[in-house]
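Spelled out, the chains give:
2 protein chains.
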Amino acid sequence: MSLIVVGSMAYDAIETPFGKTDRIVGGAATYIAYAASNFIKPINQVSIVGNDFASEELDELQKRGVDLGGVEIKKDKKSFFWSGRYHMDMNTRDTLVTELNAFLDFNPVIPESFQGSEFVMLGNITPGLQMNVVQQLKKRPKLIAMDTMNFWMDNALDDLKKLLTMVDVLMVNDSEARQLSGEFSLVKAARAIMKMGPRFLIIKKGEHGALLFHGDQVFVAPALPLEEVFDPTGAGDTFAGGFMGWLASTRDISFENMKTAIIVGSAMASFCVEKFGPTRLKEITRTDIDARIRQFVDLVNFDIELV
Amino acid sequence: MSLIVVGSMAYDAIETPFGKTDRIVGGAATYIAYAASNFIKPINQVSIVGNDFASEELDELQKRGVDLGGVEIKKDKKSFFWSGRYHMDMNTRDTLVTELNAFLDFNPVIPESFQGSEFVMLGNITPGLQMNVVQQLKKRPKLIAMDTMNFWMDNALDDLKKLLTMVDVLMVNDSEARQLSGEFSLVKAARAIMKMGPRFLIIKKGEHGALLFHGDQVFVAPALPLEEVFDPTGAGDTFAGGFMGWLASTRDISFENMKTAIIVGSAMASFCVEKFGPTRLKEITRTDIDARIRQFVDLVNFDIELV
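Top to bottom, those sequences are chains A and B. Mapped onto the numbering used here, the consecutive letters of the first sequence carry residue numbers 19 to 325. Mapped onto the numbering used here, the consecutive letters of the second sequence carry residue numbers 19 to 325.
Treat the hints with care, as some may be off.
Since copy identity is lost for identical chains, a pair holds within one copy or between any two.
To be verified - In silico DSS-like pairs for lysine-lysine, Cα to Cα no more than 25 Å straight-line:
1. LYS300 / LYS96
2. LYS38 / LYS206
3. LYS223 / LYS206
4. LYS293 / LYS206
5. LYS223 / LYS81
6. LYS179 / LYS206
7. LYS213 / LYS38
8. LYS180 / LYS38
9. LYS93 / LYS156
10. LYS179 / LYS96
11. LYS160 / LYS180
12. LYS300 / LYS81
13. LYS92 / LYS81
14. LYS157 / LYS179
15. LYS96 / LYS38
Worth flagging that the hints you see were computed from the coordinates, not collected in a lab. Being a predicted model, the structure only gives us computed values, none of them experimental.
All chains, full assembly: derive it from the sequences and hints.
And the structure:
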């Protein structure tokens, strides 16, 4: 059992109302790998970095069972760099700098040794490249999940719609679900999106939790009420990593187990936002994670006897 | 066992993106009574209406176990009338007309026969009048809950703060919790508000559900994902009615039972928004309610085995 993770590995500089950090490791695939590695090994990582990506960071990922055989190192370019500033509500942010650098050349190639992976997580990159990855897979994986964003709905909708027919799980936020479907009601949006292809839809609502749709079934996971969201960067990718890591480790893609996976993803995301970048994800142990999942059990559990 | 309900009984005219209705019965105490009467009898109603309040409506309430001994009928005035128009998102609305009419004379008097009620729900009226009710009670009830709104935080903060030291449960929405506490984080807001008096705090988040705080404990209830919110008028009061009705009927004010009460309130609110005004609340039976509560169980229930 193994998990392919495709996406960016990058550096970020982040400002929040609580502080700022210079150049800290980031990128969707980095967060996904750090989160998923708590549950499943190997993580088959497919990404691209520049000549400035710290070897200590690559070593750290390898130590956690991340196979970097699909990570290209561009010797003549720097890594993808993003800088942004969050507003007080932590839901909106201004992008200050985007330097794609090496990421402009990203053309994911699945190494022969990665073939046969049962689980695939396509981080948010162009739908064309995500599709390219799917087409390289010689055997249909057990489960393909993908993230995307409003930018691709505006600029690459045809590719995105083609891709949606090829995947099992789509993860978007509430405004993206509304845009993609043209429906305001999330229940109607979910129904419309599942008709486009994915059998499972996850709608992420940040501090308001997440919804999982499948056929006529629906599950709601809360976000953990936190004193402070210190830095929300990477929370969505960390959620995806926890979700896919759990599914890959249990090899059970029933709706029932997906509910549990949503809680695991939510628990991982609740750690992510506690410190800048993936800092907190590197500190926690499986014991911490289990304790956090227990908090989620207490958070939603209630007793009622009905006649 | 009985429940005192204090608040407005009124007429509303409502426009939503789905349609409009002329003069339909409304008012916080009306919604609270309709919801609570599914669980507890009698409801000891304290309110005021004008000469135009339909006797059929009063009969209907009485039939459901609502004791109208505390409802004054002003022969020379009309009932409180409110008219509003909801925007597409159903979270914002414009008030078109507010005619206080008889409600201007509201000076709640607790009839002798209502004394000794163990549960009290103070609907959203001026904090001064809410306090006046509490002071009339000869024996401290087992549980006093109150609703309020931003208007009173702006215009009657001193009275509101005094009242908060006299009640057990405060129900507000998220923006009101932030305004009252001066804290953006709802966890910090809850801690600050509980220091002002109430041992229990419910923060209502509309389509995002509700949070219950008590000491260091927290519980999250989802809202039922609905295809359409047809008319949100009265949903918060219906929630309060279900919550208090459940508590009064079980006479158990433990945190554990409050969790269940929050789910019951959420289930009742999910019915309320399905049709204009309290229309849907008048149609449903206890069987419908139990089926709806089962949907909530499915909505949040998940299995995980931790080491």
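Hint-by-hint comparison with the structure:
In this homomeric assembly, LYS300 and LYS96 come within 25 Å of each other (Cα to Cα) only inside a single copy, at 24 Å, whereas the closest approach across copies is 66 Å. Within a single copy, LYS38 and LYS206 get their C-alpha atoms only as close as 40 Å, which misses the 25 Å cut-off; across copies the closest is 22 Å, which meets it. For a Cα distance limit of 25 Å, the shortest separation of LYS223 from LYS206 qualifies both inside one copy, at 16 Å, and across copies, at 21 Å. Taking the shortest alpha-carbon separations for LYS293 and LYS206, only the inter-copy value of 18 Å comes in at or below 25 Å, while the best intra-copy value is 36 Å.
Taking the shortest Cα distances, LYS223 and LYS81 never come within 25 Å of each other, neither inside one copy (33 Å) nor across copies (43 Å). Taking the shortest alpha-carbon separations for LYS179 and LYS206, only the intra-copy value of 18 Å comes in at or below 25 Å, while the best inter-copy value is 43 Å. In this assembly of identical chains, LYS213 and LYS38 lie within 25 Å of each other by CA distance neither inside one copy nor across copies; the values are 43 Å within and 32 Å between. For a Cα distance limit of 25 Å, the shortest separation of LYS180 from LYS38 qualifies neither inside one copy, at 40 Å, nor across copies, at 41 Å.
When the C-alpha separation of LYS93 and LYS156 is checked against a cutoff of 25 Å, the pair qualifies neither within a copy, at 30 Å, nor between copies, at 82 Å. Proximity of LYS179 to LYS96 under the C-alpha cut-off of 25 Å is found in neither arrangement, the shortest distances being 32 Å within a copy and 58 Å between copies. In this assembly of identical chains, the alpha carbons of LYS160 and LYS180 lie at most 25 Å apart only when taken from the same copy (19 Å versus 61 Å across copies). In the homo-oligomer, the alpha carbons of LYS300 and LYS81 lie at most 25 Å apart inside one protomer (12 Å), although the nearest pairing across protomers, at 63 Å, exceeds that limit.
In the homo-oligomer, the alpha carbons of LYS92 and LYS81 lie at most 25 Å apart inside one protomer (22 Å), although the nearest pairing across protomers, at 78 Å, exceeds that limit. In this assembly of identical chains, LYS157 and LYS179 lie within 25 Å of each other by CA distance solely inside one copy; the values are 22 Å within and 66 Å between copies. In this homomeric assembly, LYS96 and LYS38 come within 25 Å of each other (Cα to Cα) only inside a single copy, at 22 Å, whereas the closest approach across copies is 59 Å.
Of the numbered hints stated above, those contradicted by the structure are hints 5, 7, 8, 9, 10, listed in ascending order.
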